[in-house]
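> Below are the chains, spelled out letter by letter.
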Amino acid sequence: MDDLHIRRSILADPNARDEAMTEAIKSDPAKQKFVNEIEALDEKIFSAMNVPVPEDLCNKLILRQTLASHQQQKSKTRVRLAMAASVAFVLGLTVNFMMFSSTYKNLGDYAIAHVDHEASHFSNTDKANVTLASLNQKMASFKGSFDSTFGTLIFADYCRFDGSKSLHLVFQGESSPVNVFIVPNDEEIEFNAKFSNDLLEGRSLNFNHSNVIVVGDKSEPLNQWQERINNNITWSI
Amino acid sequence: MATKQVRYEALVKALHADLYRYAYWLCHDKHVAEDLVQETFLRAWRALDSLKDEKAAKSWLITILRRENARRFERKRFDMSEYEEATITDVKATSNEQEIENHWLREKIAQMPEEYREPLVLQVIGGFSGEEIAKMLSLNKNTVMTRLFRARNQLKEAVDDEPKLRGLHNG
Chain A
1 MDDLHIRRSI
11 LADPNARDEA
21 MTEAIKSDPA
31 KQKFVNEIEA
41 LDEKIFSAMN
51 VPVPEDLCNK
61 LILRQTLASH
71 QQQKSKTRVR
81 LAMAASVAFV
91 LGLTVNFMMF
101 SSTYKNLGDY
111 AIAHVDHEAS
121 HFSNTDKANV
131 TLASLNQKMA
141 SFKGSFDSTF
151 GTLIFADYCR
161 FDGSKSLHLV
171 FQGESSPVNV
181 FIVPNDEEIE
191 FNAKFSNDLL
201 EGRSLNFNHS
211 NVIVVGDKSE
221 PLNQWQERIN
231 NNITWSI
Chain B
1 MATKQVRYEA
11 LVKALHADLY
21 RYAYWLCHDK
31 HVAEDLVQET
41 FLRAWRALDS
51 LKDEKAAKSW
61 LITILRRENA
71 RRFERKRFDM
81 SEYEEATITD
91 VKATSNEQEI
101 ENHWLREKIA
111 QMPEEYREPL
121 VLQVIGGFSG
131 EEIAKMLSLN
141 KNTVMTRLFR
151 ARNQLKEAVD
161 DEPKLRGLHN
171 G
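From first to last, the protein sequence lines stand for chains A and B.
Residue numbers for the first sequence follow my numbering, so the first one is 1 and each next one is one higher.
Residue numbers for the second sequence follow my numbering, so the first one is 1 and each next one is one higher.
The shape of chain A in the complex, shown without the other chains (with noise of 0.2 Å):
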């Protein structure tokens, strides 16, 4: 192993040495001076390169992170919270929508549904038992009356109209009881003036703050029934 090539590695790296060099090293006094000269020079450079660091260079780092990450923290709760917000906000929208909105589109669907459900529990040999007092005490809430009575009316009543509040009479017909509803004004829900399915067949009037809807059975004279209502009735304002 060459004198130059020794001198060269040692002077790259004075750490880093094969066995090699290491006998070669140990062999030649020389080569000990020189390396010894080296060591002692990295040492040197060593000292003159280890330069101060500032005493609160550490802590300023930990510092600066803690407070990006802090405030990076921040906007997040932040953003999560408005998220959270957002998903109430909708959630109490649907609610409130799926609530308090009609069911059914219009007047002649609900009131046919309504008549359906309701079936059961009248039959058109049931007596008379309301009279027209009673009937126009609860009329009051309408602001209408009725004159006199008219046809046998079996069952009169406050039912949820559809989440109005609306009066219910049943008459004794022909062969199937009369349905009348008085039901408030509601702009959400389409008028219509006649609507039936299979069986059932309706007619309704528009007054002032009501409509007065007739359902029954499609061979009840609700044409009739209708008009006999219109001549009775009085609206108060």
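Worth flagging that the hints you see were computed from the coordinates, not collected in a lab.
A quick note: this is a predicted structure, and the numbers were derived from the prediction, not measured.
Please note that a few of the clues may not be correct.
Stated by the list, open to error - Straight-line distance between alpha carbons at most 30 Å, and here's what the computed DSBU-like set of lysine-lysine pairs gives: (1) B:Lys52 <-> A:Lys76; (2) A:Lys60 <-> B:Lys141; (3) B:Lys13 <-> B:Lys55.
Position chain B relative to chain A; hints supplied.
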């Protein structure tokens, strides 16, 4: 989250000094070096999950710092001034003989061409092997070894000439 914080703090404590020194020898300015280290650690925090091998942390950080330093030059080209004596740490006032010696050698190191100084700093301060340095600087190993040899050789010659120079200064 907590473990990431712990990892980060450990990394800062263990490596900030070496990193600062490396930055210092890269830019010869205490304040710029500090900024570089801060920027490096901030980037390191963001990418901490990508650091799988803790042993590679030092070279990973140095790679980030070198990139930051390069970016500094992209940003302000006019800042690319040559080494100025005034920017070198002045420790003369309150120092002993060792410090004077250090100061003198620091000037010599600072005057060395960048391409010689950088591998030497990585070797002496970073404790990296020739191969590792070659990898970090994207050079081949022989080139790195040659530069290390030249760097030390220059410093050796400077030190060998020192008494003469000292004498001149003192006289």
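> Against each hint, give a clear statement of whether it holds in the structure.
Here is what the structure says about each hint:
1. B:Lys52 <-> A:Lys76: 26 Å, holds
2. A:Lys60 <-> B:Lys141: 37 Å, violated
3. B:Lys13 <-> B:Lys55: 15 Å, holds
The structure shown violates just one earlier hint, number 2.
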